[in-house]
Amino acid sequence: MKKITKTGISRRQFTLSAIAGSAIMAINPTFAAATSDKKLRVGFISPRTGHLGAFGETDPFVLSQVRQALADGLQINNETYQIEILDRDSQSDPSRAGQLAKDLINNENIDFMLSTVAPETINPVSDACEAAGIPCLSAVLPWEAWYFGRGAKPGQPSPFKWTYHFSFGVDEFYQTYISQWGLIETNKKVGVMYPNDADGNAIRRFLKPKLEAAGYTIIDPGAYETGTSDFSSQIALFKREGIEIFNAFPIPSDFSALWRQAAQQGLTRQIKIAQIAKTGLFPSDIEALGGLGNKLASACYWHKDMPYRSPLTGQTGKQLCDLYEAQTNKQWTQQIGACLSLFDAAMETLITSADPKNKVNLAMAMRKLNVSTIAGQVDFTSGPVPNVAITPIIGTQWVKSKSGPFKFDYLITEHATDPNVPIAHKLTPYNA
Amino acid sequence: MSQWTNSVTIQRWTPSSRYAIVFAGLVLVLLALAPLFASNGLLDRLTALFIYVILAAMWNALAGYGGLISVGQQAFFGLGAYFTIRIADLGLDPFISVALAALIVGVISYPISLVMLRLKGGEFAIGMWVVASILHLMVNLDGLIQGETGISLVSLNHYDSAQRLTIIYLLTLGSMAGLLALLFFVLRSKTGSAIQAIRDNEEAATSVGVKPEKTKQLLFVIAAFGIGVAGALWLTSATTFLPKTYFSVQWSAYMIFMVLVGGIGKFEGAILGAIIFFLVETWFSSTGVWYLVSLGAIAIAFSLFLPKGIWGELERRFNWHFLPVGYQVVEKNKINTDKK
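Chains A and B, in that order, give the protein sequences.
Whatever position you read off the first sequence (first residue = 1), add 23 for my numbering.
Whatever position you read off the second sequence (first residue = 1), add 20 for my numbering.
Since the hints were derived computationally from the structure, they do not count as laboratory data.
None of these values were measured; they are calculated from a predicted model.
Ideal Cβ placement from N, Cα and C applies to all residues, glycine included.
Be a bit skeptical, because a hint or two may be false.
[Unchecked claim] Non-contacting residues of chain B with respect to chain A, defined by C-beta distances greater than 12 angstroms in every case (computed): (1) 126; (2) 127; (3) 137; (4) 213.
[Claimed, not checked] Partial pick of chain A residues on the chain B-facing surface, computed with a CB cut under 7 angstroms: (5) 114; (6) 118; (7) 155.
Isolated chain A (complex conformation) (with noise of 0.2 angstroms):
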């Protein structure tokens, strides 16, 4: 294992320390306040606002939950420690994000940042922590767009000393695939529908040929750009194909232009399993398709149904959401519980550094951590590489709500990347 050496007081802040020691402490009261013991102040950055918006809605309820749960402090090592969670919305803007750690890390003194949502949120963010050594814990992006999107090379050491991450990768979602397309006897000839973004280039990178090694056919037309508006030579060609799966990484818009017309144009006739990531994760992405959202096939990286409870509030996934749908009247969203578990690993991050005002005990606390959640297990000691945690991703389906309230129900289909999570549903034919 690496060593973490603490860098000694270069001459540059003993200057300052001796030049104006006293005087800083007198006209900077957060940094009296941070040397304080028993106090422990933690970052959190999120998108709530821009296109990712949807992701960090549910935040503001998930935050309250975690700060009820804090109110009498936490337990570490016999003593209690005031924790001070300073939340700040990235608004889907990478820069903003890297000036809001910078701020965070600077400015507040904080002991421990947390970070959720997408490369243009997590990536600016770890990195502004690596470079000041500060701890920084992350969740909800795929691994490799975290690891290798930051520079770490495939077979050389991790770069990472401060930054850590648990999250699904490209594997959670072949696995997956391979489980729900097996659901339903097709010809195995599959559309792809993947983007010039990162997860597109990701997907059809590492997912495609596993995918055909599993003995699928796979029909992909090529890298459309964001924004295109007519999708009609790719529909030809898959009616062309006679696919009978289809596989797509697109956007909300760009996944309404192209369903409708595939709608139009015949092709979703022949489809029996319409799976779509990235779209399709709210249950606004599916409303706002009308009739053409109902079976569609998804996969989940957290659910309501899955058999855990959070080790900070205490809640299971069920309690969590019922709350959420009773305060809000809207339905429960993946990101709550995505949220929570960010915070059950932080936490426990916390407890087990048994002294978590010393920077290096918290890094090499989230190296060591294996803690259930409410998303279930986050084990960094089993991970691929040294910095990342591997989490599943659920195969779902959305199906039209018998009973409501809400018009979607969002049901589990298969649980090939975690045996314990219940299927609730047979996955039906998108066409039938």
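Position chain B relative to chain A; hints supplied.
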């Protein structure tokens, strides 16, 4: 206004501009000493401010002096960052990579200028945007960048955090000072007069012996180089390279805002505009969409009601010329002593 006589003289420096130069020098010295006493947070924010000053000064040189309005300058911002990543990946020190990357951007901008400067006015503006998009897509094709996934300047992690922050700060400060000095002397030189003559009337300028192509090319290459420096420095400060962030048209929008508000065609105006933009961003960017809406509204208001920007207005009212790049014609007995 007294009657026009032929007893006029040409004035470049005024007492206030001499004080201003001394004052600017003192500010630079103070800023260079800032790492001794300023907090990390302040140093980091000042680094961003210096980059904004570079961007505003370069766009102002292009539009305010050369009359070349571009909405595609993010092309060079993105390329500066991209080449830094590319060169650092070969194993060079990241800060040396910054310098090399900026030089490469300057060199690449020359052939681009040969094509683009054939376009006029709005065609040039939009053409530059097209160039930026094409370069963005080409950068995405590089396997190292992994499409829109991007990559980080991971070799910076070899520096410890305090050292890293100080180097980036001083490098940015030095680059800003150097680029401003370069612009100042180019614009004060014979070439500078030629540049402004072309802006005001290209045919008339040609008739008195000015060579428009060469002069515009010089300005285009300087602006590209400066913005390349800014992009490379922004990358060292942010670490993360996501192509669509660096090649985003928002950078051009910010440059236009800074120059319009500060004062287009005024050397001091661009600096003032960058400071105003920096303060507005610091105070209001947390309001999200409304922040962007307000930026746009303010820029429109300025172009309608205060087309010369804040500095233009101050100059008109108080006859201030702190960093004069032009010539003033004054009556001999009314030489500007700033006592009006």
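Quiz item: Does the claim that residue 137 of chain B lies outside the interface with chain A hold up, using a Cβ gap greater than 12 angstroms?
Solution: 29 angstroms, holds
Quiz item: Checking the smallest CB distance to chain A, is residue 126 of chain B really beyond 12 angstroms?
Solution: 24 angstroms, holds
Quiz item: Should the hint that residue 155 of chain A touches chain B count as held when the rule is a Cβ pair under 7 angstroms?
Solution: 5 angstroms, holds
Quiz prompt | Closest C-beta approach of residue 114 of chain A to chain B relative to 7 angstroms, hint status | solution = 5 angstroms, holds
Self-check item: Interface-negative label, residue 127 of chain B against chain A, beta-carbon threshold 12 angstroms
Solution: 26 angstroms, holds
Quiz item: So is residue 213 of chain B really clear of chain A, every C-beta pair being over 12 angstroms apart?
Solution: About 38 angstroms separates residue 213 of chain B from the closest Cβ of chain A, which puts it past 12 angstroms; holds.
Quiz item: If you take the shortest Cβ to Cβ gap from residue 118 of chain A to chain B, is it below 7 angstroms?
Solution: 6 angstroms, holds
Hint compliance for this structure: every hint is met.
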